[in-house]
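Below, each chain spelled out in residue letters.
There are 2 protein chains.
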Amino acid sequence: MALNNNPGELTLDPENWAELRKLGHRMMDDMMDHLEHVRDRPIVQRMPDEAKGAFTQPPPMQGMGAEAAYRDFVELLLRNQSNFNKHPRFWGFVVGTGSPSGMLADMLASGLNVNMVGGPMASTMLEMQVTAWMKGLLGFPAEAGGILVSGGSMANLLGLTVARNAKAEEAKSLGARRGMTVYGSEEMHVCVQKAVEMLGIGSDNLRKVPVDGDYRINVQALEERIREDRAAGLEPFCVVGNAGTINTGSFDDLEALADLCSREDLWLHVDGAFGAWAAIVPELRHLVRGLDRADSLAFDLHKWMYMPYDVGCVLFKRQSDQVRTFSNRPDYFAMSKDTPPLFADFGIELSRSFRALKVWMGLKENGVSKYQALVKQNVDQARHLKALVESRPELELMAPVPLNTVCFRYRGQGIPDTALDELNRGLSMQLMFSGAGAASETKVNGRVALRVCITNHRTTRRDLEEFAEAAAKTGAMMAKTPRSNP
Amino acid sequence: MALNNNPGELTLDPENWAELRKLGHRMMDDMMDHLEHVRDRPIVQRMPDEAKGAFTQPPPMQGMGAEAAYRDFVELLLRNQSNFNKHPRFWGFVVGTGSPSGMLADMLASGLNVNMVGGPMASTMLEMQVTAWMKGLLGFPAEAGGILVSGGSMANLLGLTVARNAKAEEAKSLGARRGMTVYGSEEMHVCVQKAVEMLGIGSDNLRKVPVDGDYRINVQALEERIREDRAAGLEPFCVVGNAGTINTGSFDDLEALADLCSREDLWLHVDGAFGAWAAIVPELRHLVRGLDRADSLAFDLHKWMYMPYDVGCVLFKRQSDQVRTFSNRPDYFAMSKDTPPLFADFGIELSRSFRALKVWMGLKENGVSKYQALVKQNVDQARHLKALVESRPELELMAPVPLNTVCFRYRGQGIPDTALDELNRGLSMQLMFSGAGAASETKVNGRVALRVCITNHRTTRRDLEEFAEAAAKTGAMMAKTPRSNP
Numbered sequence: 001m002a003l004n005n006n007p008g009e010l011t012l013d014p015e016n017w018a019e020l021r022k023l024g025h026r027m028m029d030d031m032m033d034h035l036e037h038v039r040d041r042p043i044v045q046r047m048p049d050e051a052k053g054a055f056t057q058p059p060p061m062q063g064m065g066a067e068a069a070y071r072d073f074v075e076l077l078l079r080n081q082s083n084f085n086k087h088p089r090f091w092g093f094v095v096g097t098g099s100p101s102g103m104l105a106d107m108l109a110s111g112l113n114v115n116m117v118g119g120p121m122a123s124t125m126l127e128m129q130v131t132a133w134m135k136g137l138l139g140f141p142a143e144a145g146g147i148l149v150s151g152g153s154m155a156n157l158l159g160l161t162v163a164r165n166a167k168a169e170e171a172k173s174l175g176a177r178r179g180m181t182v183y184g185s186e187e188m189h190v191c192v193q194k195a196v197e198m199l200g201i202g203s204d205n206l207r208k209v210p211v212d213g214d215y216r217i218n219v220q221a222l223e224e225r226i227r228e229d230r231a232a233g234l235e236p237f238c239v240v241g242n243a244g245t246i247n248t249g250s251f252d253d254l255e256a257l258a259d260l261c262s263r264e265d266l267w268l269h270v271d272g273a274f275g276a277w278a279a280i281v282p283e284l285r286h287l288v289r290g291l292d293r294a295d296s297l298a299f300d301l302h303k304w305m306y307m308p309y310d311v312g313c314v315l316f317k318r319q320s321d322q323v324r325t326f327s328n329r330p331d332y333f334a335m336s337k338d339t340p341p342l343f344a345d346f347g348i349e350l351s352r353s354f355r356a357l358k359v360w361m362g363l364k365e366n367g368v369s370k371y372q373a374l375v376k377q378n379v380d381q382a383r384h385l386k387a388l389v390e391s392r393p394e395l396e397l398m399a400p401v402p403l404n405t406v407c408f409r410y411r412g413q414g415i416p417d418t419a420l421d422e423l424n425r426g427l428s429m430q431l432m433f434s435g436a437g438a439a440s441e442t443k444v445n446g447r448v449a450l451r452v453c454i455t456n457h458r459t460t461r462r463d464l465e466e467f468a469e470a471a472a473k474t475g476a477m478m479a480k481t482p483r484s485n486p
Numbered sequence: 001m002a003l004n005n006n007p008g009e010l011t012l013d014p015e016n017w018a019e020l021r022k023l024g025h026r027m028m029d030d031m032m033d034h035l036e037h038v039r040d041r042p043i044v045q046r047m048p049d050e051a052k053g054a055f056t057q058p059p060p061m062q063g064m065g066a067e068a069a070y071r072d073f074v075e076l077l078l079r080n081q082s083n084f085n086k087h088p089r090f091w092g093f094v095v096g097t098g099s100p101s102g103m104l105a106d107m108l109a110s111g112l113n114v115n116m117v118g119g120p121m122a123s124t125m126l127e128m129q130v131t132a133w134m135k136g137l138l139g140f141p142a143e144a145g146g147i148l149v150s151g152g153s154m155a156n157l158l159g160l161t162v163a164r165n166a167k168a169e170e171a172k173s174l175g176a177r178r179g180m181t182v183y184g185s186e187e188m189h190v191c192v193q194k195a196v197e198m199l200g201i202g203s204d205n206l207r208k209v210p211v212d213g214d215y216r217i218n219v220q221a222l223e224e225r226i227r228e229d230r231a232a233g234l235e236p237f238c239v240v241g242n243a244g245t246i247n248t249g250s251f252d253d254l255e256a257l258a259d260l261c262s263r264e265d266l267w268l269h270v271d272g273a274f275g276a277w278a279a280i281v282p283e284l285r286h287l288v289r290g291l292d293r294a295d296s297l298a299f300d301l302h303k304w305m306y307m308p309y310d311v312g313c314v315l316f317k318r319q320s321d322q323v324r325t326f327s328n329r330p331d332y333f334a335m336s337k338d339t340p341p342l343f344a345d346f347g348i349e350l351s352r353s354f355r356a357l358k359v360w361m362g363l364k365e366n367g368v369s370k371y372q373a374l375v376k377q378n379v380d381q382a383r384h385l386k387a388l389v390e391s392r393p394e395l396e397l398m399a400p401v402p403l404n405t406v407c408f409r410y411r412g413q414g415i416p417d418t419a420l421d422e423l424n425r426g427l428s429m430q431l432m433f434s435g436a437g438a439a440s441e442t443k444v445n446g447r448v449a450l451r452v453c454i455t456n457h458r459t460t461r462r463d464l465e466e467f468a469e470a471a472a473k474t475g476a477m478m479a480k481t482p483r484s485n486p
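Protein chains in written order, with the numbering used here: chain Y, 1 to 486; chain C, 1 to 486.
In isolation and in its complexed conformation, chain Y is listed as follows:
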């Protein structure tokens, strides 16, 4: 065991720094190799049964040393781990790619081991600068509030917490009032429901309003539902707008929602997990018209900004709403503007990682313009895939493509819908395991479809061309083969 400079005392610092440094350099080379050649490796890997046993062992009493621990990492984890969202041909769920520089920034952050509580530290200024950048890029005023969090679920949770407290001031001290209702479309993300459950509002008070043919919330139906609820003695307080739904990438009419919320005195929260980033691309900005009128906005940076997991953000139009919810310092509003902030006044976590660093370094390295170009590139790629699908009669486009998400299926000729559901379910698996590309399986209008959501800076148009061709060919082959479970 390594001793500290006092004989008989231990430390986790290495006995031999040169050795650990050498191991660190080896890891650096291995990871750079891993990332440089990710295209050549499989999208998905299955763990051999004999490796599984290692993951059921108790922790060792005596340490094996850093080098042996790394060997276990390589043999048990790295060798068996699916590449999924790192791979150029992964378009399932909505997951970002990460990047080699992002990894380096995370190493620096972990080495510094800052607990990001705030106060007079350089790292506090850095995180405040990152939050200011977020406000600027997404059209929020400089005096707005915001905080970095682990991702969309936390960002939506914090947004709805502040919404609840802003509309029911006594909730913080007396508890939630029964009968406060929240509204969003059928297409909203499940994390909104989880937030509503956690906040003591209750999932029965979350209204899932129907969508139109473009998967946008039906604003008239929303308005009627609010009126009905009011008539029934309930208390509508918040509308959740979608900027980029998970299923089809559709955008609610945020301008109409903002008008409605202003008329009805409701809080407008926008879930812009990835879609909010349309705001930085001039050609796409019309999709988020009205975003700047939201009271709060949740979004990720590990999806469409391609930062490594985890980093998301929530912004609040009025910082005072945010602080009144999270701060327990009675003197907060009396403090000088120059006092370095404590992040506990802005959110729920006291222990916080230095996730701001990868955002700061990423934006410096690449500049806003590169992220603009990459977001636009992914959208152009989705349009390219849409055109490819439309050009092949055996494929069928299943939903509009407003952004980066293409839902389609193999339809062949004269095959009934139920058989197509089964075929496309198998097709999605087949394409992933063959390496052609990984799409999610989803349902559009009750029918199984392949869903390609492109938030991947490694994807090329050629990847999508080969994927469309593989889908057509594999689909045709599967249509000819008798299925084992008809």
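Take these hints with a grain of salt, some might be off.
Ranges of calculated distance between the beta carbons of each label pair, as one might list FRET restraints [said to hold, decoys possible]: (1) 30(Y) to 40(C): 29 to 35 Å; (2) 60(Y) to 190(C): 34 to 40 Å; (3) 223(Y) to 141(C): 51 to 57 Å; (4) 52(Y) to 190(C): 38 to 44 Å; (5) 40(C) to 15(Y): 16 to 22 Å; (6) 336(Y) to 74(C): 26 to 32 Å.
Calculated cross-link-like contacts (lysine-lysine; reagent style BS3-like; alpha-carbon spacing at most 25 Å) [said to hold, decoys possible]: (7) 208(Y) to 167(Y); (8) 337(C) to 135(C); (9) 443(Y) to 473(Y); (10) 135(C) to 167(C); (11) 337(Y) to 135(Y); (12) 22(Y) to 22(C); (13) 167(Y) to 135(Y); (14) 208(Y) to 443(Y); (15) 443(C) to 473(C); (16) 52(Y) to 337(C); (17) 337(Y) to 52(C); (18) 167(C) to 208(C); (19) 52(C) to 135(Y); (20) 376(Y) to 135(Y); (21) 52(Y) to 135(C).
Please keep in mind that the hints were generated in silico from the structure rather than gathered at the bench.
Only a predicted model underlies this, so the values are computations on that prediction, with no experimental measurement involved.
Yeah, the Cβ is synthetic: ideal placement off N, Cα and C, and Gly gets one too.
Once you've looked at the hints, dock chain C against the given chain Y.
For chain C alone, kept in the frame of chain Y given last:
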């Protein structure tokens, strides 16, 4: 801008991998140097005013490249950043030290860029193994539930969410009931209040019960308060026990709390942020007697397990309670035990970082025995400091030292308490800026004290000896000097 393999298409991968690799190796060397020599650098650093301007600039439109971004990191951040909890002489708040191997594990995790949603991946098995280790080390049964989170605040929040839903099943769908009350001692952490506020229970329904002379909850007062609340028509449902309070490191009598909770049908949640780890040291285990009877337990690994930020954990005696709160899959309990879990069924986050890796590699590298020895070493060091304080008549011990926390003050001779408060407030700053050591300033029985909380694997007994001597000498000097603001 770097092109992808298709001409005209962009990527965040480097144009020149060899160059980025070289930069990565440089960062590795710089961080190893940084950590190897942290003892020789100041605990705290102030940022020069001229550097502050850089943190108010907007993000660059055109990128500066990875090397220039790193230069900015070094010049603006690293050079001006306080070393605080990395430093051998930092004992403020409760913050862990991190470690060089922890940094390497975080680099690997970020490079892999796994979104830890679970499912059939090697990383899922790894995280499940880590959770199993936590249960085993802290005396929870193998069939208990658990999940890794960002730290104590989140762990306590999840614990109390499950407590609320277990005791009021309809909370998830209908919302929180008014008048449900939670109990803990005056010494409990503020994050419990923030959790209660978020959950729609309300801070007015959090009872802060007095403590005894050893800063342990007065169980009789607790029992009376519960009886009174019941008589007033309120609904007590949860007691929060402390295993290691933030102020003095005291332990509530968990056995007595477990008896009470069992008698009164209340949920016992234990906040064991750092103190829970007393459970792994045979000589300290008596402090947490009764811990294994808790319904839920929150604790950190970035404090006393010295892992880099962020990683904490919450355990649940009955996994079914946890799943009923967080899962929205109606078929969950019908699934085969062999189905790979989805972590969304266990907690609030869908996007999750691969924080499990540093725990897995750390325990493999060092073995349980080294963490046992280090926790015990910190406790022995606290006892050593206590003895040093008691051996000097000009210093005064202000609270018992049950664990790793020593509260003391300079008292000199014949100085009135109000003057001592001011003196010790200045003394704490003076000692930190001089490099003698960083303690928190706290109040014990209404008097200002220096609070030394040792969760630091770099600290030696000699550090504490020099700190005690500096406190005595500096205190004497300050007592002689007329103060500018008497």
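Quickly compare the C-alpha distance for residue 337(Y) and residue 135(Y) to 25 Å and report which way the hint goes. Given pair residue 337(Y), residue 135(Y) holds - Cα atoms ~18 Å apart, limit 25 Å.
Measure nothing beyond the straight line between the CA atoms of residue 52(C) and residue 135(Y); if it is 25 Å or shorter, mark the hint as holding. holds (20 Å)
Does the Cβ-Cβ separation between residue 223(Y) and residue 141(C) fall within 51 to 57 Å? Because 52 Å falls inside the window, the suggested range holds.
Do the alpha carbons of residue 52(Y) and residue 135(C) lie within 25 Å of each other, as the hint requires? Holds - the C-alpha atoms of residue 135(C) and residue 52(Y) are around 20 Å apart, at most 25 Å.
Hinted pair residue 167(C) and residue 208(C), Cα distance within 25 Å: Judged against 25 Å, a Cα distance of about 20 Å means the pair holds.
Straight-line Cα separation of residue 337(C) and residue 135(C) no greater than 25 Å? holds (18 Å)
Next pair to validate is residue 208(Y) with residue 167(Y); report whether the Cα-Cα distance is within 25 Å. Roughly 20 Å between the alpha carbons, so the hint for residue 208(Y) and residue 167(Y) holds.
Straight-line alpha-carbon gap residue 208(Y) to residue 443(Y), limit 25 Å: At roughly 17 Å apart (the allowed maximum being 25 Å), residue 443(Y) and residue 208(Y) satisfy the hint.
For residue 135(C) and residue 167(C), compute the direct alpha-carbon distance and say whether it is at most 25 Å. holds (23 Å)
Given the hint of 26 to 32 Å, is the C-beta distance from residue 336(Y) to residue 74(C) inside that range or not? Holds, since residue 336(Y) and residue 74(C) (Cβ atoms, about 30 Å apart) stay within the stated range.
Pair hint residue 167(Y) and residue 135(Y), alpha-carbon separation not exceeding 25 Å: This hinted pair holds, its Cα atoms lying about 23 Å apart.
Residue 443(C) and residue 473(C) were given as a pair; does the straight-line alpha-carbon distance stay at or below 25 Å? Distance ~22 Å between residue 443(C) and residue 473(C) Cα, so the pair holds.
Hint compliance for this structure: every hint is met.
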